[in-house]
Amino acid sequence: MSSALALAAAPIVLAAGLLALMKVPTNLQLTVTDSALVIEPQGLDRLWTRRDRIEVPLTAVASIRIAPRSEAPPLPERRNPLHLPGIITAGTHGRTFWDVRRGDQLLIIQCHSSAEFDTLVLQFANPFATLTRTRTVLAPHPHRSAA
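Numbering (my numbering), first residue to last: 66 to 212.
Each hint should be verified, as a subset may be incorrect.
[As the list claims (entries may be wrong)] So the derived label-pair ranges between C-beta atoms look like this: (1) Glu136 with Ile77: 33 to 41 Å; (2) Ala194 with Pro138: 19 to 27 Å; (3) Arg134 with Ala194: 46 to 54 Å.
I should point out that these hints are in silico values taken from the structure, not numbers from a laboratory.
Quick reminder that beta carbons are idealized off the backbone N, C-alpha and C, glycines included.
Given only the sequences and the hints, what does the whole structure look like? Please build it.
This is how it looks when you write it as structure tokens:
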């Protein structure tokens with residue numbers, strides 16, 4: 066009887082987990098140092114993205130902007146990392162790093178070809194505040210755009 070109960074409970078637990086995943090925002094920390102943008106997934110985001118830290122040298126940043134999800138790079142046909150449409154996209158997809166839930170206003174960081182990633186697509190609770198914080202460091206460098 067206990068195995069039957071466990072089998073019956075499994076779909077409920079899975080559904081509850083997916084529902085919680087839809088409600089839980091991304092948990093990212095973005096730090097700007099003198100030489101790099103440092104993105105550190107926190108908590109479960111480390112598990113979803115399979116990363117604990119990404120460092121992008123400031124010289125590798127081509128632009129940083131806020132854009133709707135519709136302007137984010139397309140996902141490749143073959144998807145190994147976590148992607149549940151409308152719920153979560155996390156991890157490395159081709160040369161693009163994602164950590165996004167259901168948000169529409171995303172912080173998109175374009176990098177030069179010398180960087181580990183071409184693009185980082187990130188969701189923050191307040192992407193405008195995150196963009197403003199990074200502009201102060203990016204502004205002195207004329208070859209980058211912080212728009």
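Structure-based check of all given hints:
1. Glu136 with Ile77: 33 to 41 Å: holds (37 Å)
2. Ala194 with Pro138: 19 to 27 Å: holds (24 Å)
3. Arg134 with Ala194: 46 to 54 Å: At roughly 19 Å between Cβ atoms, Ala194 and Arg134 fall outside 46 to 54 Å, so the hint is violated.
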